[in-house]
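Protein chains in written order, with full-length UniProt numbering: chain A, 1 to 252; chain B, 1 to 309.
These are computed hints drawn from the structure, not numbers from a lab.
Incorrect hints may appear among the rest.
[To be verified] Simulated crosslink set (DSS-like; lysine-lysine; CA at most 27 Å straight-line): (1) B:K137 with B:K100; (2) A:K197 with A:K66; (3) B:K266 with B:K281; (4) B:K100 with A:K103; (5) A:K230 with B:K281; (6) B:K212 with A:K230; (7) B:K266 with B:K211; (8) A:K197 with A:K2; (9) A:K193 with A:K66; (10) B:K100 with A:K2; (11) A:K230 with B:K266; (12) B:K267 with B:K211; (13) A:K147 with A:K2; (14) A:K219 with B:K137; (15) B:K304 with B:K211; (16) B:K137 with B:K211; (17) B:K212 with B:K267; (18) B:K212 with B:K308; (19) A:K219 with B:K266; (20) B:K304 with B:K266; (21) B:K308 with A:K230; (22) B:K137 with A:K103; (23) B:K304 with A:K230; (24) A:K103 with A:K2; (25) B:K212 with B:K137; (26) B:K308 with B:K267; (27) A:K103 with A:K66; (28) A:K230 with B:K267; (29) B:K304 with B:K267; (30) B:K266 with B:K212; (31) B:K281 with B:K267; (32) A:K66 with A:K2.
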Amino acid sequence: MKILVAIKRVVDHNVRIRVRPDGSGVETTGVRMSMNPFCKHAVEAAVQLSEAGHGDEIVIVSIGPKTANDVILTALAMGAHRGILVETDADLETLAIAKLLAKVVEEENPDIVLLGKQAVDDDSNHTGQMLAALTNRPQATFASEIKVIGAELEVTREIDSGRETIAIPLPAVVTADLRLNTPRNAALPMVMKARSKPLAVRPAAEFGVDLTPRLIIDKVSPPAERAAGKTLGSTTELAAYIAAEVSQMEAL
Amino acid sequence: MSVLVIADHDLGQLSPATARVVHAVSTLGPIDLLVVAENPAPIAAAAAQLAGVSRVLTASGSPVADSLETLLSTLAVRYHYVVASAGSGGKDVMPRLAAKLDIMPVTDVVEVLGPNRFTRPIYAGNALQTVTDNQAKHVLTIRASAFRAAATGNAAPIETIDTSVVSVARLIAAHRTQSDTPDLATAQIVVGGGVALGSAENFQLIEQLAKKLGAAIGATRAAVDAGYAPNDWQVGQTGKIIAPDLYIAIGISGALQHLAGIQGAKKIVAINTDPEAPLVKLADVALIGDLFEIIPQLLSELDKTGVKR
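Let the hints inform the model, and build the full structure from the sequences given.
Rendered as structure tokens:
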């Protein structure tokens, strides 16, 4: 079985981001970048499926500038077999990303495509679903458990009312939630070995996809700041505060 | 400019999120509300009462992403906007629909600035992005907690669509949290607990306080991961986004991802041992101390104030 994992390089999730004063976006120069956390869970899931005998080959694909090589190397060090960088310096929308990935899926024809459920920069939560639509494959989003059963996947999904387990036929697209697994930290020998694994760099233009943005970003602004609060001295005061808030609510 | 809104529902009941979505898009044009369910009639009856709805369409079947996408692609030709709430159902199907229609969707909308201008949060709500969407059609998801609910009292006509909604996915099991507390994503008061509770048994303290205040129960990801609370109580960037009038955060230090989920809260109360915790600094009022002493006291003090909901 062949597994394709699509990953994204984003501002590290521990970095407190800064909106550029001119409202043109979020400052990303000189900021620590890393693999999107959800993508890391997707890579780990692929490696675990492979270790359980369900994956002969794990192919990693990332779309972005040359520097996105580093997150592909991280995934290779975790146990993936080869990488593809679809190189572009443009900020692509999720629709364009999904179209490029659909081309890669067409070429590679994997049985399972794994992605993180969302990227922590744009928080879109689109790409897996779009890719599933464009490749006419069934989808299981927000996965917290994946089992291969014959030619089917049994996926437990985290949804608004709790969890649900669904079965979908292969080939399929699955997006990873945080409770799916605990991503491994690759040991140094694996990191060294990753450098010798094949990594193809392909210009995005090669795929013949229209990458023109559909949305115009007018501005990016910081959220309203909250006024400083106060510390209360006793539970009695707190009860009075809550009671006052509640009675005000009733009045509305 | 016609609008198609997909109704959210659970256990045969219209979700409170739908009234908020309807209100959010009421300025965009006349609204048709679509109810897809195994038994849509009772949900449709509730949906028909929402102000701003001109027609309720019903289809029988299970609203699973692939089948719903097929139905929506057919219906979409008649509408300028196709809209759902940004819950797990909307997040599942709307990007799929958008890709099929070759439209870039605008999701998690927190403000409708005009017919084609919307604001949405990025970077876990640490920045807001305003976009102009000049596409022929608009595929939107709405963050329900950012809007007020539409009024009721309407009596929109209900029409049945003759269609089959068939998915390749088979539901094998549903694991549902049994709770009689209000819907977390739209509750007026939320009481949230963190890992400081220490166990699932102790987490019942949170439930007691929530019950007293008629509040929904929330939990941090760490508390859910530790097994103290079910996953659908999780509040945060990847859990539920809440915007209650009052959020009472107990034993929660305030990781960035949790703060992302509570940014819309009007008033925040924090109870914590650590005066330096991010959530304590952010709170409107804070009480520093041991939650195991404070909550029982608070329960009896609240009795004295005669708070009842």
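Legend entry - 27 Å limit on alpha-carbon distance, applied to hinted pair K308 of chain B and K230 of chain A: Between K308 of chain B and K230 of chain A the Cα gap is close to 25 Å, so the pair holds against 27 Å.
Legend entry - Pair hint outcome, K308 of chain B versus K267 of chain B [Cα-Cα no greater than 27 Å]: 19 Å, holds
Legend entry - Given pair status - K267 of chain B, K230 of chain A, alpha carbons within 27 Å: Satisfied, since the Cα-Cα distance of roughly 12 Å is no more than 27 Å.
Inset, instruction - Assess, step by step, whether the Cα of K212 of chain B is no farther than 27 Å from the Cα of K267 of chain B, and give holds or violated. - result: It holds: about 18 Å lies between the C-alpha atoms, which stays within 27 Å.
Inset, instruction - Starting from K193 of chain A, check that the Cα of K66 of chain A is at most 27 Å away, please. - result: Holds, because 20 Å separates the two Cα atoms, which is no more than 27 Å.
Legend entry - Given pair status - K103 of chain A, K137 of chain B, alpha carbons within 27 Å: With Cα atoms ~25 Å apart, K137 of chain B and K103 of chain A stay inside 27 Å; holds.
Inset, instruction - Would you check the hint for K103 of chain A and K2 of chain A, treating anything up to 27 Å between C-alpha atoms as holding? - result: Between K103 of chain A and K2 of chain A the Cα gap is close to 16 Å, so the pair holds against 27 Å.
Legend entry - Straight-line alpha-carbon gap K219 of chain A to K137 of chain B, limit 27 Å: Answer holds: K219 of chain A to K137 of chain B is near 22 Å, not above 27 Å.
Legend entry - 27 Å Cα cutoff - pair K137 of chain B, K211 of chain B: 44 Å, violated
Inset, instruction - Assess, step by step, whether the Cα of K100 of chain B is no farther than 27 Å from the Cα of K103 of chain A, and give holds or violated. - result: Distance of about 15 Å is within 27 Å: holds.
Legend entry - K103 of chain A paired with K66 of chain A [C-alpha distance capped at 27 Å]: 20 Å, holds
Inset, instruction - Compare the distance between the alpha carbons of K212 of chain B and K230 of chain A with 27 Å, and conclude whether the hinted pair is satisfied. - result: 24 Å, holds
Violated hints for the displayed structure, listed by number in ascending order: 16, 25.
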